[in-house]
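J.: These protein sequences, in sequence, are chains S and X. Residue numbering for the first sequence follows our numbering, starting at 1 and increasing by one per position. Residue numbering for the second sequence follows our numbering, starting at 1 and increasing by one per position.
Honestly, the hints are just simulated from the structure, not real lab data. Nothing here was measured: the structure is a model prediction, and the numbers come from that model. Just to be clear, a hint being listed does not mean it is correct.
As the list claims (entries may be wrong) - Quick partial rundown of chain X residues pointing at chain S, CB under 8 Å, derived from the structure:
1. Pro136
2. Pro143
3. Leu150
4. Met151
5. Gly152
6. Leu157
7. Lys162
Unchecked claim - In silico SDA-like cross-links for lysine to any residue, where the CA-CA straight-line distance does not exceed 25 Å:
8. X:Lys162 <-> S:Ser113
9. X:Lys161 <-> S:Gly109
10. X:Lys162 <-> S:Gln67
11. X:Lys146 <-> S:Gly108
12. S:Lys80 <-> X:Met135
13. X:Lys146 <-> S:Tyr114
14. S:Lys80 <-> X:Pro158
15. X:Lys161 <-> S:Pro115
16. X:Lys161 <-> S:Phe159
17. S:Lys87 <-> X:Arg132
18. X:Lys161 <-> S:Pro33
19. S:Lys86 <-> X:Lys161
20. S:Lys80 <-> X:Arg132
21. S:Lys80 <-> X:Leu157
22. X:Lys162 <-> S:Val84
23. S:Lys80 <-> X:Gly152
24. X:Lys162 <-> S:Pro33
25. S:Lys80 <-> X:Ser156
26. X:Lys162 <-> S:Val29
27. S:Lys86 <-> X:Met133
28. X:Lys162 <-> S:Thr64
29. X:Lys162 <-> S:Tyr114
30. S:Lys87 <-> X:Gly155
31. X:Lys162 <-> S:Leu167
32. S:Lys80 <-> X:Asp163
33. X:Lys161 <-> S:Ala94
34. X:Lys162 <-> S:Thr154
Heads up, the beta-carbon is just placed ideally off N, CA and C, and yes, glycines get one too.
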Amino acid sequence: MGLEAKLKQDGFFTSTVDALVAWARKSAVWPMPMGISCCAIEMMASGDPRYDIARFGSEVMRFTPRQSDCMIVAGTVTYKMSHVVKKIYDQMPAPKWVIAMGACTSSGGMYRSYPVVQGIDQFMPVDIYLAGCPPRPDNLLNALMQIQEKIGRTKARDFQDRPLPELPVIQNN
Amino acid sequence: MDLKELVTYKLKEKFPEVEFDITDYKEQLAVTFDKKNIVNVASFLKDDPDLQFKLCEDVTAIDWARRKNRFAVVYHIFSLKLNSRIRLKSDVDESDLSVDSVAFVWKTADWHERETYDMYGIIFNNHPDFRRMYMPEEFEYYPLRKDFPLMGIPGSLPLPKKDE
Numbered sequence: 001m002g003l004e005a006k007l008k009q010d011g012f013f014t015s016t017v018d019a020l021v022a023w024a025r026k027s028a029v030w031p032m033p034m035g036i037s038c039c040a041i042e043m044m045a046s047g048d049p050r051y052d053i054a055r056f057g058s059e060v061m062r063f064t065p066r067q068s069d070c071m072i073v074a075g076t077v078t079y080k081m082s083h084v085v086k087k088i089y090d091q092m093p094a095p096k097w098v099i100a101m102g103a104c105t106s107s108g109g110m111y112r113s114y115p116v117v118q119g120i121d122q123f124m125p126v127d128i129y130l131a132g133c134p135p136r137p138d139n140l141l142n143a144l145m146q147i148q149e150k151i152g153r154t155k156a157r158d159f160q161d162r163p164l165p166e167l168p169v170i171q172n173n
Numbered sequence: 001m002d003l004k005e006l007v008t009y010k011l012k013e014k015f016p017e018v019e020f021d022i023t024d025y026k027e028q029l030a031v032t033f034d035k036k037n038i039v040n041v042a043s044f045l046k047d048d049p050d051l052q053f054k055l056c057e058d059v060t061a062i063d064w065a066r067r068k069n070r071f072a073v074v075y076h077i078f079s080l081k082l083n084s085r086i087r088l089k090s091d092v093d094e095s096d097l098s099v100d101s102v103a104f105v106w107k108t109a110d111w112h113e114r115e116t117y118d119m120y121g122i123i124f125n126n127h128p129d130f131r132r133m134y135m136p137e138e139f140e141y142y143p144l145r146k147d148f149p150l151m152g153i154p155g156s157l158p159l160p161k162k163d164e
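Chain X on its own, in the form it takes in the complex:
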């Protein structure tokens, strides 16, 4: 049984009511599903003795700019037991930017989610320490969104006063 069959079988067995779209592109397995199931699926993939995806390597987002669901949150997770990675994806629409936090499943997701919030403005519910990562706390924009200009918004980041 290869990885795709194993993951498909396991997820279908555990969550029969959830719709999974499991695709294989260039030997990279991606699992797409609705964002409200993220915590359940994440904890299952982590704790299942046959899968053991114990390492969360990255949490990030994609800004598709024109698509109906503008954003997608992406989780890259790694299983030391299977020596393989899978990618979890969930669509997030601009009207409701909140996603449940997986920081209680994988502790590393804490900072990754903060960075995703900082750069894309995606809100993670129940996050233990939800602040910006790089930009100042009072900054109003999200720099990695497609509508943010490369040189920034003039005056949005304060400079110290120059004395004469």
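Chain S with its partners taken away, still in its complex shape:
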């Protein structure tokens, strides 16, 4: 295997910190499953033994935003729900990534009417738009691999000196 072949001689190898950190980051993307409607069923299916999201190091679905790297927004986001999605997104520690899973999340989908946000990119950044209604689990895994590729291209200094966002304090909400 690759690593052992390099270790045959003196027992160390050279790399860059950037490459090492990016490799570590992309190999364990912990998703925040923001399952809002039917896409969440396919997201759950991608975690089962048949599709097995664990092959990509993402089996740890964290139900708290504070321990996750990648938010999978799976479902129709209404105007009322948009505040919740944004609040949870704001609570995730940077660096963070977002998959807009499915037609509704990406563009409003078939819900072209007054209560549905016509694409979550109106209020938060999105890294991958995932087509399908709902997308098959393979498609979600493909999106995850693209996120990994994206993370692999990052440098550690990309996230330097980024101020923490000031979160509004809302009581009784």
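Dock chain X against the given chain S, drawing on the hints supplied.
T.: Below, chain X alone, put in the same frame as chain S:
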């Protein structure tokens, strides 16, 4: 005695002063009357031992858009004893959108009336918990009215601020 005769007889006997318009369309019985009698008629239909309309299945409204009485409130009630449904209808004009609540007669009407208020803007008096059902509390419009555009009013529903 079929359902129409029974309901007609019972209502005429109990409320001789109220004008009822009882119509039968495709075996669906509809009773139309003035909205100020709604609580009395509803409690009578529920408590009468021969009728026992104990289940309120739906409360909704109709927006006729151009008619003189613009709205109509509609109650679908079901009697387990007779195994049949009737529909109660009352006209509501835009100048006075209030109707007395039947939430104290049928408890299920509570949420149905809130939904009707949310979507059509009909005010139910003496409702135990009168708030909107789906739309945010500060929303100013009523989405199922005919003059509400399908895509909504831009800017009427706030989105979270996008940070740069």
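J.: May I ask which of the numbered hints given earlier this structure violates, with the numbers listed in increasing order?
T.: none
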